[in-house]
Amino acid sequence: MIVPLVHVLILAAVLFALGLVCVLVWRSNVIMLLIGIEIMLNAAMLAFVGGAGHWGMADGQVFALMIMAMTSAEVSLALALVVYLHRRKKTVNVDEFNEMKG
Amino acid sequence: MEATLFYILAAVAVIATLFAITEKHAVHAIVYLVTSFFALAVVFYLLGAPLVAVFEVIIYAGAIMVLFLFVIMMLDLGHPEKAARPGMGDWWPALVLGAVIAGAVVVLAASRPAAMTAGVSVIGVREFGRALFQKYGIAVEIISMQLLFALVGAFYLGRRRPSPPAPLPEGEGGRRPGEGGAAREEETV
Amino acid sequence: MKLYLALILLLPLLGGTINAIVGRKLPRRLTETLACGMVWGAFVCALLAFAAYRGPETVELASWLAAFDFRAPITLYLDSLSLVMVLMITFVCGLIHLYAVGYMADDPSYARFFALLNLFVFAMLVLVLAENLPLLYLGWEGVGFCSYALIGFWYREEKNATAGRKAFIVTRIGDTAFGIAIVWCFQLFQTVSISQINQMGFLMPVGVVTALGLLFLAGAMGKSAQLPLTVWLPDAMAGPTPVSALIHAATMVTAGVYLLARMFPLIGTSATVQAAIALTGGLTAFYAATCALAQRDLKRVLAYSTISQIGYMVLGVGCGAITAATFHLLVHAFFKALLFLGAGCVITALHHEQDIFRMGGLRTTLPRTFWPFLAGAICLAGIPLTGGFFSKDAILLAVWEKGGGLYGGLYLLGLLTALLTSIYTFRMVYLVFGGEGAHPHTLPRVMEWMLVPLALLGLFGGILNLPEYLGKGWLGEFLATAGVKVSHGEELVLQGIAALVALTGLSLARYRYGGARRAERLVEAEAEPTGVTAFLLNGWYLDNLYRILFIRPYEALSRFLWTRVDEGVIDDSLDRLADGLGRTGQGLGSWTNGRVSLYITSFAAGLALILGWLAWVVW
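Residue numbers (full-length UniProt numbering), protein chains in the order written: chain Z, 1 to 102; chain L, 1 to 189; chain P, 1 to 619.
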């Protein structure tokens, strides 16, 4: 390892917090909200890869790859939903889509 | 040398991400984010994960972000002056929560004794492939099923209905470009 | 032997099952043939088993209950007692099945009737042949269920269904005691095998044996309608007459006597239990005989006489005279079945008229019924040289032999009961068959023919166990129980007294109901019963007593639990709780306003809270 694991984790934490802030802030644009989710997932991947390097095990990297695959599935579905919803309401404001409340 | 590079890249990633989340123009945000992901890819490489670094570039910076761009263009969202921007009332609770979470995670991470392992252990492709397809073979299968379902779901959602708010999907209609992107995405993985 | 025993059980079960499942689809004649054929098949098997019988035998057919060290396999135990019972049951049941073919000729639900009847035979045989108590209990409950279903056979009438329920519930009281006794036996002896339990009785302290014996006695009280659980049997006459004959006179009600005789080696070691059994039997015999004096319904007279005769048997068991009790049980089964079947003939012939004061003249118009009925009546009354005379006398002899204040009193009570028995029997005969009356319509021939073999068996049943001065008692030797040893002279004197008593009863009944006086009694009977007559007619108002003692307090308790405890406390508290929860839910529900951003913010806040707390702790 070139740097202590703690530093990698701190970087991951900062990126995660930034992604979370993005999600919380951009309620007016669902695309930006999804971007925030991507940032958070990347932070998680960074933590996994850091752990893999720290302990010399391939498992962490495998999970990073799994996250990537899962993300691609999630993004494709989420964007399809965005397209669909935009077609219905002509907006991307998250709070407009509240028909499914109990 | 490599440690220095790591810190520089970390700074680049954080700053690019900061720009990305504060940018009102969605296309610009995507470009900032691509920058951030490139920096992260190099960080992955430095941490001994060349394969993940390559995939990060190909899938994240390449495919997923392009998919975002496609959708932004298709929905014609590239006009920031029309979109509502987050006001101060949106910013401060988000910042507070983000700061608390980041601080807490940093405290938790730093509280452990940082045991340095000796030497850079680059995990080779052989070892990685063995772990992926032997140890986690079932997970790979499940992920592939998930991608298939995502494909079907995206295809279903993207079909053009006769009238937009119609509850029952009946009509034929042409494919949307977004689907092409989604489908290609699956092929990439 | 294993084959015979299995067939004895399986044939009626098979018949019952087939009739229960497809009986409605089969032609009527086939259903009837099947039901009767199965029972007679069982009788033939019983005869073969009798021919091959060399000594007590235990046959394990299959495993049934087995858990930890508790084992209750389907094991049959054939000894002389159960063999005699099996012979009697299959024979009487066979006759009554044939009789029922005639009796139920007009009834549309014949399949249900014969299925239940066959099932009853099966359950009764299980009861008799069972080697362990749980299996016996299975048969015990099986006959109880069939009895319930058959009493309420014409369930469309409220009265019949109620009578069925009453029988079921009252016997349940005794069954509960019996069930407790079984479990306790297992706890004490670590086995439920009857023969093993009987051998181990001496290991237990007398107090425990006494308690066990009283529990068994309570079970027998319920099933055999002994005091204080008599009240269900008179009402049970709501069922079809063959059912009354079969279940409520000949077989099922004697199950209690059989149980006591079976468990006698265990419970007989306690003098208290013996005395309690004898007292129960003696009092019941007297009580039921007095009630029978005033009844107007032909079947109720017979029902009370059944209770009374079973009281004699229980009295016999209480004196340790198993042979005498079994003897009386057998003979009683024959002549009481005969009487009930005869009553069925009379009732059918008179268009379902059951009031004996509205009958008459049947001696000439229905002779083929009259003569067997008369044979049954003299057996019941104990007129000398009939089977009933010998068997009843054997019991009285055993009571006399016991001596002492209690048993001496019981002997006198028994004699008094014999007098009453003779009186009410001939009162019935005079009222039903004497004088003039309406012209009856003809009966199915099969019904009357069935009376003849029963009459012969009743009349000559005494041969089964003749007193010693007339030869040896076959039944006593076969059962190999300790007989009562008395000198011939004493025995002759006692029998003379009994004969005198019976004849006195006959002449008293003749004096009061015979000839011209019969008409006076008929006129008297038009008036409402008062005083003693009403008291006896209503069975000493036992029903009302139980109503006041048990049902009223129970209803009051139920009402209290219902309105105060259930509605007032439980329901109310639950209502309030639900109300509060509903309000809380509505309050919390306003948070779900459908705004995704709020959800995400709450989620992040929760995460921050958890992580912040963790960091706080670590710091």
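Keep in mind that the hints were calculated from the coordinates and are not lab data. Ideal Cβ positions, reconstructed from N, Cα and C, are used throughout, including at glycine. Possibly wrong hints are sitting among the right ones.
So these bits of chain Z aren't anywhere near chain P, every CB distance computed over 12 Å [as the list claims (entries may be wrong)]:
1. V21
2. R27
3. S28
4. G51
5. G56
6. D59
7. M66
8. Y84
9. R88
10. M100
Label pairs and their calculated CB-CB ranges [claimed, not checked]:
11. P:K25 / L:E141: 55 to 61 Å
12. L:G78 / P:W619: 43 to 49 Å
13. L:G129 / P:A67: 25 to 31 Å
14. P:R576 / L:M145: 16 to 22 Å
15. P:G582 / L:Y7: 39 to 45 Å
16. L:G129 / P:F603: 33 to 39 Å
17. P:G589 / L:E2: 30 to 36 Å
18. L:Y7 / P:R583: 52 to 58 Å
19. L:G153 / P:K25: 36 to 42 Å
20. L:M145 / P:A67: 45 to 51 Å
Going by beta-carbon spacing under 8 Å, a handful of chain P positions derived as facing chain Z [said to hold, decoys possible]:
21. R368
22. G515
23. N538
24. S597
25. I600
26. G606
27. L609
Here is how each hint holds up against the structure:
1. Not every Cβ of chain P is farther than 12 Å from the Cβ of Z:V21; the closest lies at roughly 9 Å, contradicting the non-interface assignment.
2. With a closest Cβ-Cβ approach of about 4 Å to chain P, Z:R27 is found to fall inside the 12 Å limit, against its non-interface label.
3. A beta-carbon of chain P is positioned within 12 Å of the beta-carbon of Z:S28; the least distance is around 9 Å.
4. Against the 12 Å criterion, Z:G51 stays outside the reach of chain P, whose nearest CB is about 18 Å from its own CB.
5. In this structure Z:G56 is separated from chain P by more than 12 Å, as the shortest Cβ-Cβ distance comes to about 26 Å.
6. With a least CB separation of 24 Å from chain P, Z:D59 remains clear of the 12 Å interface cut-off, as annotated.
7. The claim that Z:M66 lies off the interface holds: its Cβ sits roughly 22 Å from the closest Cβ of chain P, which is beyond the 12 Å cut-off.
8. Once the 12 Å rule is applied to beta carbons, Z:Y84 is consistent with being away from chain P; the minimum gap is 16 Å.
9. No Cβ of chain P approaches the Cβ of Z:R88 within 12 Å, the least distance being about 16 Å, so the stated non-interface status holds.
10. The beta carbon of Z:M100 is not kept farther than 12 Å from every beta carbon of chain P, the shortest such distance being approximately 7 Å.
11. For the pair P:K25 and L:E141, the supplied restraint of 55 to 61 Å holds, since their beta-carbon distance comes to about 56 Å.
12. Under the hint 43 to 49 Å, the C-beta atoms of L:G78 and P:W619, about 46 Å apart, fit the expected range.
13. Judged by the Cβ atoms, the range 25 to 31 Å given for L:G129 and P:A67 is violated: they are separated by roughly 56 Å.
14. Range check, P:R576 to L:M145: Cβ separation about 50 Å, and the 16 to 22 Å hint is violated.
15. Checking the proposed 39 to 45 Å range against P:G582 and L:Y7 shows it is violated: the Cβ atoms sit about 58 Å from each other.
16. Look at L:G129 against P:F603: about 37 Å separates their beta carbons, and that is inside 33 to 39 Å.
17. About 56 Å separates the C-beta atoms of P:G589 and L:E2, a value inconsistent with the hinted range of 30 to 36 Å.
18. At roughly 57 Å, the beta carbons of L:Y7 and P:R583 sit within the given window of 52 to 58 Å.
19. Taken as a hint, the range 36 to 42 Å is violated for the pair L:G153 and P:K25, whose Cβ atoms sit roughly 56 Å apart.
20. The beta-carbon spacing between L:M145 and P:A67, approximately 47 Å, falls within the hinted interval of 45 to 51 Å.
21. A distance limit of 8 Å between C-beta atoms decides the matter here; for P:R368 the minimum to chain Z is near 84 Å, and the interface restraint is violated.
22. The beta carbon of P:G515 comes no nearer than 93 Å to any beta carbon in chain Z, farther than 8 Å, and the hint placing it at the interface is violated.
23. Nearest Cβ of chain Z to the Cβ of P:N538: about 67 Å, over the 8 Å cut. The hint is violated.
24. Interface hint at P:S597: satisfied, since its Cβ lies 4 Å from the closest Cβ of chain Z, which is below the 8 Å cut-off.
25. At about 6 Å, the closest approach between the beta carbon of P:I600 and any beta carbon in chain Z falls short of 8 Å, and the interface hint on this residue holds.
26. Annotation: interface hint on P:G606 violated; nearest CB of chain Z at approximately 12 Å, more than 8 Å.
27. The interface hint given for P:L609 is violated, since its Cβ lies 14 Å from the closest Cβ of chain Z, which is over the 8 Å cut-off.
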